Structures are given as structure tokens and as C-alpha cells.
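Trainee: Read off the chains here:
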Amino acid sequence: MTDLTTSAPARPATRADPPARRITKHTLLIVFGVVMIYPLLWMVSSSVKPTEVIFRDPSIWPSQFDLGNYTAGWTALEHPFQHYLWNSAVIAIASIVGNLLSCSLAAYAFARLEFRGRRILFAAMLATMMLPIHVLIVPQYVLFSQLDWINTSLPLIVPKFLATDAFFIFLMVQFIRSLPRELDEAARMDGCGHVRIYWRIIMPLSVPALATSALFTFIWTWNDFFSQLIFLTNPDLYTVPVALRSFMDGQGETAWGQLFAMSIVGLAPIFGFFLAGQRYLTQGLATTGLK
Amino acid sequence: MSDRTGSRTIRSGLRRRESRVAYGFLAPWIVGMVVFTIGPILASLYLSFTDYTLLSPPEWRGLENYQRMLADSRLHKSLLVTFQYVFVSVPVQLALALGLAMLLNRGVRGLPIYRSVYYLPSLLAGSVSIAILWRQIFGSEGLVNQLLAKVGVEGVSWVSHPDFALGTLVVLNAWTFGAPMVIFLAGLRQIPSMYYEAASVDGAGAVSQFFRITIPLLTPIIFFNLILQMIGAFQSFTQAFVVSGGSGGPADSTLLYTLYLYERGFGSFEMGYASALAWTLLVIIAVLTGVNFLFAKRWVFYGD
Chain A
1 MTDLTTSAPA RPATRADPPA RRITKHTLLI VFGVVMIYPL LWMVSSSVKP
51 TEVIFRDPSI WPSQFDLGNY TAGWTALEHP FQHYLWNSAV IAIASIVGNL
101 LSCSLAAYAF ARLEFRGRRI LFAAMLATMM LPIHVLIVPQ YVLFSQLDWI
151 NTSLPLIVPK FLATDAFFIF LMVQFIRSLP RELDEAARMD GCGHVRIYWR
201 IIMPLSVPAL ATSALFTFIW TWNDFFSQLI FLTNPDLYTV PVALRSFMDG
251 QGETAWGQLF AMSIVGLAPI FGFFLAGQRY LTQGLATTGL K
Chain B
1 MSDRTGSRTI RSGLRRRESR VAYGFLAPWI VGMVVFTIGP ILASLYLSFT
51 DYTLLSPPEW RGLENYQRML ADSRLHKSLL VTFQYVFVSV PVQLALALGL
101 AMLLNRGVRG LPIYRSVYYL PSLLAGSVSI AILWRQIFGS EGLVNQLLAK
151 VGVEGVSWVS HPDFALGTLV VLNAWTFGAP MVIFLAGLRQ IPSMYYEAAS
201 VDGAGAVSQF FRITIPLLTP IIFFNLILQM IGAFQSFTQA FVVSGGSGGP
251 ADSTLLYTLY LYERGFGSFE MGYASALAWT LLVIIAVLTG VNFLFAKRWV
301 FYGD
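Same order as they appear, the protein sequences are chains A and B.
Here UniProt numbering is used: the first sequence runs in plain steps of one and ends on residue 291.
Here UniProt numbering is used: the second sequence runs in plain steps of one and ends on residue 304.
Hints are computed from structural coordinates only; laboratory data are not their basis.
Since we're looking at a predicted model, the values are computed, not measured.
Fair warning: there could be bad hints in the mix.
Okay, derived cross-link-like pairs now, DMTMM-like style, lysine to aspartate or glutamate, Cα gap no bigger than 20 Å in a straight line [as the list claims (entries may be wrong)]:
(1) B:K150 to A:D57
(2) B:K150 to A:D184
(3) B:K77 to B:E263
Here are the in silico distance ranges between beta carbons for each label pair [to be verified]:
(4) B:E141 to A:T152: 39 to 45 Å
(5) B:M102 to A:L101: 37 to 43 Å
(6) A:E185 to B:A286: 49 to 55 Å
(7) B:I38 to A:L205: 43 to 49 Å
(8) B:E141 to A:P18: 42 to 48 Å
(9) A:I93 to B:L103: 24 to 30 Å
(10) B:Q209 to A:T152: 55 to 61 Å
(11) A:A276 to B:R109: 20 to 26 Å
(12) A:F65 to B:R109: 55 to 61 Å
(13) B:I38 to A:M189: 35 to 41 Å
(14) B:G62 to A:T71: 56 to 62 Å
(15) A:I120 to B:L288: 19 to 25 Å
(16) B:A204 to A:R116: 47 to 53 Å
Idealized CB from N, CA, C, for every residue including glycine.
The following block holds chain A by itself, in its conformation from the complex (with noise of 0.2 Å):
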């Protein structure tokens, strides 16, 4: 909790705000914090609670104390929950990998070189940065089956080492630009190219802009149903998301504890990155909106 205080500088209350205001405002944002985050508590209180009591206890300080719900939700589809774990993760660390290579080769054209076609090409990235997938899913469904893709991790993976996720091209763009020239021109001097300079003076520069993307990587891959439904069918190859959506399926209404645990284990890694990198995630996040 240590860093959330000291990641960025308190500012002062305003002198004009009179105490009386200042409390009630205070009470206005902690109720309000508290009715959001009232439900990711009560889950996590809920989950070492036994099912029937789930049913009528709406408090958030558990009444038992029983990590039950854990062992047994754990080992309660057809593998145990780690291997949901490992193919979420695989899938998710091998997006990192690839956005951060794909999307800052091609940051830094758009920030640094000059080309024919440069306009268009970045209104294309533009273009297709807002680009819905559901748009595009079903011609990559029929491209993936007739490579044979379908049950295999590459319809997730290999399209991220091919920059299709352009945010990640503009986040790194905006960021490129934010760098003094000066740097890359006196490496020029020195008679470095341009792969050198990219790889020698951007990229470590940048370390923030790449810190960024690879959280909200991370989180979105994490995250994601939609393709990883439609491309992963085979259990053996289920990640999180999908296998506890067919926990629920199968018998999650009876067994809403041990549903409950599993939820919050694969919570977990994104609650984890948040309070490690959230000032990337913040910082990142609001550089999107400003020009």
C-alpha cells in the first residue's frame, strides 16, 4: 500500500476549501470507493465461506474461515487449475514478447523516418487501432482452419508478433516523439544506422512506453474470451477465462464457492501487476488522451 501513497506527490488541499466542504467531500469519495470495491470484497470473503452461507451473508467479514472452496475448486475440472494458469500464461507472455517487438519497429518509423506514404499508412494504423474484432473474426476463423490452426495457441499469438494490436503502435509513437532528437542526430554523427539507434538508444528510452504496453498486454490478453472461445475448443487446451466459464456451465450454480475461489485465482495476476505498475497504468492511460 506503501506506493500508492508516495507514487505521486499529495498536492495540498485547496486553501479556499473550508473544512466542513472538505469533509463532506471526503465521505462522498469514501462512500462512493466503498460501494465499488464492496463487491470484489465481498467475493474474496465469500469464497472462504461455504456455499449455503454465500446465500445469506452479505457482509464482508467472514463469519467461517474455511479455504475449502480453494482445494476443492482447484481440482474440480478436468485438469487441476494450474494448468489453466500455464495456458493463460503462455499465451499471454508470448503477446508481450511479440507487441513490444512489432509495435516498436513500427513506432519508430511513424516517430523517426521519413517516407513515401507515410500520412496514409498512419491513418491506416489510426484506422485500424479502432477496427472492432467481431469485424474480422469470422475470415480468421476460415484463414486459421485452413491452416490448421484451430486448437492451437497461434491465431492468439502470432497475429501480436505481426502488430495487429495498434494502440500499442500509437502509445509508443506518442512517446518516440516525446525523446529529443538531438540523441538519435549525435548517433547519427558517429555513424550509427538506424536498427542500431532503435535498439541502442529508443528502446531503452522508452522503457516507460514498453512498461505500459506490456501491463495492459498482459491484462487484455488476460482478460480475453472472445477469440480464445472461439479459436481454443479443446479443454486440454482451455485457459482461464473459458474454463471457468465452463465451470459455471457445468456446475458452477451449485458450487458457487469453490466458482468464487477460482474467480478470484484468476484475478489474481491482474490485481498483482495493478499494484506493481500501476503508475505505468495510470501514466500510459491518460497520455492516450492528450495530444
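For this one, chain A is given, so just place chain B on it according to the hints.
Mentor: What follows is chain B alone, placed relative to chain A:
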């Protein structure tokens, strides 16, 4: 003369070389765009005029799929549900985002903690886990009804009532106001404080400062958030799918466009019809975005 042409050829030679280098850097992205974006868009346009089930080659059917869309009452229901969802949930979400950003902006003590608490749900909300939680919370014996029972109100099963099921999804989307709020906060911070100081000197109160300084200077950010969240809302799938158990029910009341597309394409493998649906979605989003940009000229204020 020869000197000048010489230097020009060197310069244009350099530029040509830089172009070649640039295309080298862009190569993965260009390949990806052609294979995974442009190719599929064109392919789905073609497929939308065919009957195709993956088992046999596509058969040309002309406008048949589009004619079928005109008569498809579930599609019409699905369009209605989607528009209701987008046009209610996005304004609610953005109003909350702007309101909380305003409250947090003026140097509140503990800002980082508040920001974290409000922002966290928007990172989690897309997951199946949260959709499962929502299904319980708004179920007949869920958290909401347990709390209502404490004050003596007997609730219904919100997720299985055709009048309320979509509402639970609107609430879930409102719960994600943290992401646009963070963008609003960054925008608010860019408004120079001298504007407010000058306005105070001129005797402008808080309300008139809000409407005459904050809102006009924030319109580009409001516009950006509006476009982003609107496109995002059209793409909602996971929550409606999980909360309704994959059916879009009860009585198709949560049958978002994406769910119907999934059902046609991957439930019954009508790839031709699904392609026509996908193209129509593309046109709808493009038209709405275009209309937004047209209207933007009237209300978005881009400084100087």
C-alpha cells in the same frame, strides 16, 4: 549546376534509403495488416454474399443474406438491445467519470488511493471472473437482494428478468468509469490555473467557472472518451455472454449484437450470414463515429 544536381541526387538517394529502412521497420506491421486486417475485411465482404458453412466451398447468393437481415426479427431485437445498451451505459459511465474527476481534481488529500480504488474495477471488469460475480450479485439470492432484504425490500432475480437483465450490464459498465476518469484527470491538470485565477478576480463563481472554463477546455478529452467508450461498448461481449449463460436471454433482452454474431457464426456456423452481420456492424460503427466527428465541429473546442 552539376554540383546542385549532384547534391540533390545524394539527398534524394538518402531519402530513398531512409524510405527503404522505414519499410523494413514497418514490414511486420504491414504484413499483419494485410493478412489479419485488410484481407479479412475484404474476405468477409465477399463471404457476406455467399452461403458458407466451412464444410463446402462458399456458394454465391447475391443479396440473400442482406435480405434475410431485413426480415430477421431476432436481429432487430439485438440491434435495439445494443443501441439501448450503448446509448445508456456510455453517458452514465462518462458522467460518473467526469464527476469524480472534478471531485478529485482540486488537490484532494489521498488522491492516489482514491484513484486506485476507482480505477481498479475497470481493469478487472472485462474478465469472466467479474461476470460470474455479477451473475451472483444480481441473482435471486444474490448480494443485492440480501442487502435489500435488510431494509425490508424483496428483490427479483435481476439477471433473469427481461426488464432488468440489460440494466445489470449497464451497471457493470458504469462500474468501469475509472479508465475515462484517469484520462479526464490528466486533461483537467492541463488547464492552466491562471484561467481560474483570472475568473475568480472577475468574480465568477464555481458553477460558472465549471461551465465557462472547465467544460469548454475539456471538450477534446470528452470527445476522445466518448468515441473510445462508444466503440468499446459496441464490442461488449464477455459480460452479456457469461451473465446470460451464452444465450443473450432472458427473452433475448441481453442479446448484444456481438452475441448474435457469435451465435450465427460459431454456434451454427452460418459464416456467410455472420459475415453480413459483421460488415453491418462495421458500417454502423463507422457511421456513428463519422456523425460524432461531424457534430464535434459544433461543440469541441480546440484552443486557438
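Trainee: If you test the structure against every hint from before, which numbers come out violated?
Mentor: Hints 2, 6, 7, 9, 12 contradicted; others consistent.
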